[in-house]
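Colleague: Sequence:
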Amino acid sequence: MMTTTINSLQTAALLLLSAAAAPQTAIALSTITQQPKPSITTTKDRPLLRQFGRGINERILNSKEGYNRFGLDDRYTSDETIPCLDMQTTSDSDTTNNNVAASSSLYDVSSQREIREAYMANDNTQQGTIPASDGIHGRSSGSGCCIIRLTGKDATSVRGLVDFADNFFEGVDSGDNESDNDDSNGATSIAARRLKDLGVFRIANNVHAGFDHNVNEEGKMQVLYTKLIPGDDDEDPLLLPLEVGDLVGTKSLSGAHSGMSTLFDIGSQITSAVLGMDTESTNKLLDDCSRTTAKVEMISDNHEQIADTMSNSYQRIIRYLKPKQDEDAQNDAAFWPHVDSTFLTLIPMPEIAGLEVWCPSSRYAESDDMSERGEWVRPIKPTVIDEGAAAGMGAAEANSDDEDCIHVVALAGEFLQLLSDGQVPTCIHRVIAPKPPSAFGFGTSNNKYKPRVSAPLFLRPRRGDEAVLDVESDLRDSDNTGLYFEKGLMEECDEMRVWDYMDCMSPNN
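Throughout the sequence shown, residue numbering follows mature numbering (1 follows the signal peptide of the UniProt record, and there is no 0), covering -28 to -1, 1 to 481 in sequence.
Do not rely on the hints blindly, as some may be mistaken.
To be verified - Below, simulated DSSO-like cross-link-like pairs (lysine-lysine); rule was C-alpha separation at most 27 angstroms, straight line:
1) LYS125 x LYS223
2) LYS422 x LYS296
3) LYS353 x LYS294
4) LYS422 x LYS223
5) LYS168 x LYS420
6) LYS407 x LYS294
7) LYS420 x LYS296
8) LYS422 x LYS168
9) LYS36 x LYS296
10) LYS294 x LYS422
11) LYS125 x LYS353
12) LYS407 x LYS422
13) LYS407 x LYS420
14) LYS353 x LYS36
Please keep in mind that the hints were generated in silico from the structure rather than gathered at the bench.
Work out the full structure, taking the sequences as your base and the hints as a guide.
Modeller: Rendered as structure tokens:
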């Protein structure tokens, strides 16, 4: 593990870790009577926020009836419906204004205007003013999904996060090898077994960490839930569970932190561009694991306040297990259609496909025929690069440039739809685990099944009491409304702690 001095904020991690180390203590901590949060939301009903949550759930139900037309000539394609943006971290940017950016490799960095337009739902097609085929989302009104292309050191850092995910599951598997007598591998096995023994421990409301080796006992996936405690300047956050560092080693853990830092930066840029927020408002509302202002006495009675010292954003590592051969095709989803309670979910695109996003038709509001309401689309790497760049290079150079790229799927969450006043749709998505090799042909296959590993980063609002929305000053484009606009909703959200929206939208969670 890292050999840094644990600061006052990270002291919380040791308190919580000691609770997790003894299961009975962890249970006691998690079952303490919950105290009302010091927030104005406890005294005022928010009916429009509740209606907002119900509206998203209705769209999810509608998506379940949508068609998946893979193999048909008229299917929606990733290239048609899902925009691709070129971005780089702010440390590499040399921007002169909001709409002009520096060049990166063969690609021009997307401007804030281009980022905003890529996420906005296109409701002009509802009025017949723009042919659907000419819109940025093709025949779709917009899914809330974009593909982000990173190059250079940004791509390298995100690959470090991908490698960390692979290293984690390699370490988990080593814990099953009881006969391994090598000292280093033995230590890894001990860490793996301890993670399995700890399971997932609850820290506070909506705050938990740990490893679930068989989610819901369904045999479909394994998930590592992490939490991060911000460190001092120039110091990596502390990642819980601490055993993860012992499992993967210092180098891999450092690579993960570098990749997360890049994704936090890219996600902050996207959110700022889409919502028209300045740096001050973005830093106030968006939890990029850079700081916390909470000063809390480290006692168990303060478990909710201690949770506020942690980053509300987090990394999750998922491995999708081999589906059963006789599993019903209608029940093969590892994750059923859902949305994320985030501003953005950023996922380095795995080698093995499986993620699918719901692309509602531009005729969605006009048709009662479910077959015309949209389609499920699997995001893929852009197949054609910028024509101007392609004209000046040969095939070898093009292949080399592709190897220098990494692609990240960036899904809009509930908070992005809410604070954009309906201009951006929250992305409805699902995950279909890859089929065993024999499922693609007759007979059996000698090919070894390769599970799909995914490393999504969930960019969420801050939990602290300072993260209160001021519509007039924080959202410069608050007068603009979109396809999913609900009158009066932003007035309800004004002067309210952003994370508390969750209690209104999803009161049963």
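Colleague: Honestly, which of those hints from before does the structure not fit?
Modeller: Hints that this structure does not satisfy do not exist here, as all of them hold.
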